[in-house]
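Let the sequences and hints guide you as you build the complete structure.
There are 2 protein chains.
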Amino acid sequence: MKFKAVKGTRDFYPDVMRLRNYIVDAWRRVSLRNGFEEYDAPIFEYLDLFTIKSGDEIAEQLFHFTDRGGRRLAIRPEITPSLARMVAAKINTLPRPIKWFSVPRLCRAENPQKGRLREFFQWNVDIIGVDGIQADVECIFTAVDFLREVKLTADDACVRIGCRPLTVASLEMAGMPEDKIEAALALLDKRPKVTAEVFIKLATAAGLDEKQLAAACALQDCKSIKEIQELMDGRENIAGILDDLRELMKRLEQMGIGDYCQLDMSIVRGLAYYTGVVYEVFDRKQSLRAVAGGGRYDKLLEIVGGPAASATGFGMGDVVLGILLDEKGKLPEDVLAGMLDFFVIDGEDGTFEKVLEVVAALRTRGYAADYSFKRQNIGKQMREANRRGARLAMIIKKEQQGDQPEEFTASLKNLLTGEQRDGISITDFLNQPTLIP
Amino acid sequence: MKFKAVKGTRDFYPDVMRLRNYIVDAWRRVSLRNGFEEYDAPIFEYLDLFTIKSGDEIAEQLFHFTDRGGRRLAIRPEITPSLARMVAAKINTLPRPIKWFSVPRLCRAENPQKGRLREFFQWNVDIIGVDGIQADVECIFTAVDFLREVKLTADDACVRIGCRPLTVASLEMAGMPEDKIEAALALLDKRPKVTAEVFIKLATAAGLDEKQLAAACALQDCKSIKEIQELMDGRENIAGILDDLRELMKRLEQMGIGDYCQLDMSIVRGLAYYTGVVYEVFDRKQSLRAVAGGGRYDKLLEIVGGPAASATGFGMGDVVLGILLDEKGKLPEDVLAGMLDFFVIDGEDGTFEKVLEVVAALRTRGYAADYSFKRQNIGKQMREANRRGARLAMIIKKEQQGDQPEEFTASLKNLLTGEQRDGISITDFLNQPTLIP
Chain A
1 MKFKAVKGTR DFYPDVMRLR NYIVDAWRRV SLRNGFEEYD APIFEYLDLF TIKSGDEIAE
61 QLFHFTDRGG RRLAIRPEIT PSLARMVAAK INTLPRPIKW FSVPRLCRAE NPQKGRLREF
121 FQWNVDIIGV DGIQADVECI FTAVDFLREV KLTADDACVR IGCRPLTVAS LEMAGMPEDK
181 IEAALALLDK RPKVTAEVFI KLATAAGLDE KQLAAACALQ DCKSIKEIQE LMDGRENIAG
241 ILDDLRELMK RLEQMGIGDY CQLDMSIVRG LAYYTGVVYE VFDRKQSLRA VAGGGRYDKL
301 LEIVGGPAAS ATGFGMGDVV LGILLDEKGK LPEDVLAGML DFFVIDGEDG TFEKVLEVVA
361 ALRTRGYAAD YSFKRQNIGK QMREANRRGA RLAMIIKKEQ QGDQPEEFTA SLKNLLTGEQ
421 RDGISITDFL NQPTLIP
Chain B
438 MKFKAVKGTR DFYPDVMRLR NYIVDAWRRV SLRNGFEEYD APIFEYLDLF TIKSGDEIAE
498 QLFHFTDRGG RRLAIRPEIT PSLARMVAAK INTLPRPIKW FSVPRLCRAE NPQKGRLREF
558 FQWNVDIIGV DGIQADVECI FTAVDFLREV KLTADDACVR IGCRPLTVAS LEMAGMPEDK
618 IEAALALLDK RPKVTAEVFI KLATAAGLDE KQLAAACALQ DCKSIKEIQE LMDGRENIAG
678 ILDDLRELMK RLEQMGIGDY CQLDMSIVRG LAYYTGVVYE VFDRKQSLRA VAGGGRYDKL
738 LEIVGGPAAS ATGFGMGDVV LGILLDEKGK LPEDVLAGML DFFVIDGEDG TFEKVLEVVA
798 ALRTRGYAAD YSFKRQNIGK QMREANRRGA RLAMIIKKEQ QGDQPEEFTA SLKNLLTGEQ
858 RDGISITDFL NQPTLIP
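Chains as they are written, first to last, in this note's numbering: chain A, 1 to 437; chain B, 438 to 874.
The reader is advised that the hints may include incorrect statements.
Stated by the list, open to error - Part of the chain B face toward chain A, derived, beta carbon under 8 Å:
{"#": "1", "residue": "K439"}
{"#": "2", "residue": "D448"}
{"#": "3", "residue": "F449"}
{"#": "4", "residue": "I480"}
{"#": "5", "residue": "R542"}
{"#": "6", "residue": "A546"}
{"#": "7", "residue": "Q550"}
{"#": "8", "residue": "T632"}
None of these hints come from the bench; they were simulated from the model.
Even glycine gets a Cβ: it sits at the ideal position worked out from N, Cα and C.
The structure is reproduced here in C-alpha cells:
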C-alpha cells in the first residue's frame with residue numbers, strides 16, 4: 001500500500017520548507033517592528049463559530065466533524081472568528097492598543113486551483129478597539145512594509161483601496177432595498193473578475209435590479225475622490241466619509257508608501273462583515289488572485305457574542321504570494337540552500353572521537369556544525385561538506401612530537417574563498433572564539 | 438451566544454504566545470546548529486496512514502472525518518507516519534544524510550490531563566538511512582543541547598536510555614511466545630508508572646504469564662551494562678548489542694553530555710515500532726510525565742509502503758516542557774514582556790505627521806517602532822511608551838528660527854537608564870544610523 005498526501009495539501013520537503021520559512025519569518029519580523037504582538041488560537045473550533053457569521057452553507061467549505069463527546073467541530077478556514085472570540089472574552093482586561101498578528105494554518109474543503117489550496121498559511125494583522133482611519137493606515141503600512149521587505153517594488157504589487165460605506169450609499173441612492181444589499185455587495189465583489197455578460201447573468205440569478213446595480217457600478221469606475229464627489233453629489237453623510245478617505249490617502253503618502261497605494265472603488269470584498277475602508281493587494285498586472293485583502297469590520301465582535309468594538313485588519317496567504325515571488329525572481333538564493341558554519345572531518349584514523357568533541361563544542365557555542373556519518377577519506381568528506389553548504393571545513397589530524405602526549409591539530413579551509421590555515425591547535429581553537437573566522 | 442475554545446485546546450494570547458515562541462524558536466535554533474533541516478507535512482492525512490501502523494483502535498484517539506469526496510481523513514496525532522510516507526516517496530533522490538526536524542501541531546481526541554492536551558506542539562528530530570549508533574548519539578545530543586539551551590541542567594532533567602532488543606531477548610529467554618511480545622512490551626512500558634499490584638492485574642488481563650514477564654522485569658532493574666551482562670549470560674547475539682550500548686554511552690560522554698544521560702532498562706516505549714535503543718527525557722525527580730521520548734524504528738518505512746530503511750529519532754512536546762520550565766523558574770524575563778526599540782511621541786500640535794514619517798523610516802530600517810493612536814499630552818504618551826516596553830522614547834518638537842522654514846527636532850530618552858539627549862535634528866537622525874543608540 002502506497003500513501004500520498006491528500007489532494008490540495010502540500011508536503012514541505014526541506015527545500016519547500018525553506019521557502020515557507022522565508023515568508024513566515026518575514027511576516028513575523030515585519031509585524032513585530034510595526035508594533036504588533038503575536039497570538040494564535042486552536043486549529044479547530046466549534047462549528048457554530050464559523051456558521052454564525054457566514055451562514056450554514058459555509059459548513060460545506062469546511063472540514064467539520066463530530067467528536068466522541070458529540071461536539072460539532074471544524075478545522076478553521078480563517079482565524080478572524082477566533083480572534084473576535086478571544087478578544088470578546090477579555091475585552092476589559094487586555095492591554096491596549098490591541099495590535100495583534102498571527103500566522104495561522106488554515107484549511108478549506110474547496111477544489112484546489114492555481115493559488116488556492118485546501119491547506120495554507122495566512123498572515124493576519126488586526127487592530128481592535130481603535131476608531132478612526134489611523135488604524136487602517138497602520139495595517140496598510142504594515143502590508144506594504146512586508147512587500148518591501150521581500151523586495152516587491154511598487155511596480156510589482158500595489159494596494160487597491162475601496163470604501164464599503166460609499167458602495168452601500170450608492171446602492172441605497174439607487175433604491176436598492178436593504179435586504180438585497182448584502183447580495184449586491186457579494187456580486188459587486190465579483191464584477192472585476194467576470195465579463196459584463198456573466199455579471200448580468202449573476203445579477204438576474206440573484207434577483208437584483210440591474211438599474212439599481214448600475215449606480216454602484218458607476219461608483220466602482222471612479223478613479224479619484226473628486227469623481228466620487230461629483231457622482232455622489234447631494235447625498236447626505238458622504239462628506240465625512242470622503243474626508244476620511246482623503247486623509248487616509250494623505251497619511252499613506254506621508255509614511256512614504258504612496259506609490260504602492262491607489263484608490264479603486266471596485267474593491268468591495270466578498271464577506272458580509274466589512275463596514276469601512278476595504279483593500280486588496282494585487283500584482284500590478286493583476287494576472288494572479290489577490291495576494292492579500294482586508295478592511296474595517298466594526299461589528300464582528302458583537303456577532304460572536306462580544307461587546308461592540310471597532311476592528312480593522314487584513315489577511316495575506318502564502319500560496320499566491322509564493323507564486324508572485326517566484327514569477328518576479330524575488331526569492332533570495334540562500335533560501336534555496338541549507339547552511340552550516342562548520343563541517344568537521346576526521347583526517348586520519350583515531351581522530352573521530354576528537355571530531356565529536358569539536359562538533360559538540362561548536363554547537364554548544366551556537367555554531368551550526370556537522371560531520372559525516374561515514375568514516376571515509378578526506379576527499380569524500382570534503383565533497384559532503386560542499387554538498388551540505390558548509391562555510392568552513394575543519395580537518396582534524398594527530399601530531400606526535402617525541403614522547404610528548406599525542407596532540408590534535410586542525411586545518412581550517414574556507415570553502416567559499418579556498419583560503420586555508422593549518423596547524424591550528426584544537427585546544428586553542430576551542431578556548432579562543434576569536435580564532436573562528 | 439458566547440463562544441469558548443474547545444476543551445483541551447489553548448488560546449494563545451500574546452503573553453502565552455511569547456512562551457510558545459520561546460520554546461519553538463529554541464527548538465529550531467538547536468536543530469539547525471545540529472545539522473538538521475526543517476520539514477513539515479499536512480495537518481490532515483488519510484486515516485489509514487495512522488491505523489496501518491497502530492491498528493484501527495487508534496481511530497478512537499484521533500479527530501477523524503469524511504470529506505465531501507468520501508475520503509476518510511484524520512488530523513495528525515503524530516508526524517512520524519507522514520515523515521515515513523514522505524521519505525518513502527523520494528527515498529532514491531533525497532540528499533543524504535536525511536537529518537530532518539519538524540515542529541508539528543498535533544491533535545489527539547483524549548481526555549485532557551496535566552501535561553496532556555488535545556492540541557499541542559511537538560519537536561520531532563529524526564535521522565533516516567543511517568545504521569549504527571552514531572545516529573542515535575546525534576539525536577540524544579540534540580535533545581540535550583536543547584535542554585542546555587533553555588538552561589535546564591543535569592540536575593533538572595536527564596535522558597534515560599533503554600534498549601528494546603535486550604528487553605525482547607529477555608522475554609524470549611523466559612519462553613514468552615512471539616505473538617505475546619508486543620503486548621508484553623506495552624505492559625512493561627507501563628511498569629514504572631504503576632504499583633506492583635496493578636502491574637500484576639494488568640498482566641493477568643492481557644493474558645501474560647507472570648513468570649515469563651519476571652525475566653524482563655529483572656532486566657528492567659539492571660543499573661549497569663555489567664549487571665545486564667551477568668543477567669543475560671549465555672544468551673546468543675547479546676554481545677553485539679551490549680557492545681553497541683557501551684559505545685553509545687561512551688560517545689555521549691565524549692560529546693560532553695554524560696552527566697545528562699543514564700542507562701535505564703525500564704525504558705521500553707509503548708509504540709510497537711521501536712527496534713533498537715529507546716530513551717525518554719524526564720525531570721530528575723520524575724514528578725512529571727516524560728518531556729521527550731524516542732529511539733530507533735527501523736521498520737516503519739516498510740510498513741507505510743516504502744523500502745527498508747533504518748530510522749531513529751525522538752519527539753518532545755511543549756506541554757510538559759512548559760510546566761517543567763515554569764516549575765524550575767527557567768523562563769527568561771524578557772519572554773514575559775513585549776519589546777519595542779522606539780516609541781515616538783508628538784510633543785506639540787502639528788508634529789503628528791512628522792511622527793508618522795519617523796516611525797515609517799525606523800520600521801523600514803528594521804527597528805520596532807510604534808506611537809500612540811491617541812493625540813494626548815506627553816506624560817500620557819510616555820506612560821504608554823513604558824507600558825509597551827519601549828527601550829527609547831523619542832519626542833518630536835517644532836523649532837522656528839526667525840523666518841527660516843519650520844524645523845523638527847527630537848529629544849531621545851533611554852527608558853532603561855533615564856539618559857536623555859535633546860535638540861537632535863530629525864533629518865540628521867534619519868540620515869545617520871550611528872545616531873541611533
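Hints versus structure:
Checking B:K439 against chain A by beta carbon gives a least distance of about 4 Å; that is within 8 Å, so the hint holds. Given the 8 Å rule on beta carbons, the hint for B:D448 holds: about 5 Å separates it from the nearest Cβ of chain A. Because the beta carbon of B:F449 sits about 4 Å from the nearest beta carbon in chain A, less than 8 Å, this interface hint is met. The closest approach between the C-beta of B:I480 and any C-beta of chain A is roughly 6 Å, which is under the 8 Å cut-off, so the hint is satisfied.
With a least beta-carbon distance of about 6 Å to chain A, the hint placing B:R542 at the interface is held under the 8 Å criterion. Because the beta carbon of B:A546 sits about 6 Å from the nearest beta carbon in chain A, less than 8 Å, this interface hint is met. Nearest Cβ of chain A to the Cβ of B:Q550: about 16 Å, over the 8 Å cut. The hint is violated. Given hint, B:T632 at the interface with chain A, is violated; its Cβ is 29 Å from that chain's nearest Cβ, farther than 8 Å.
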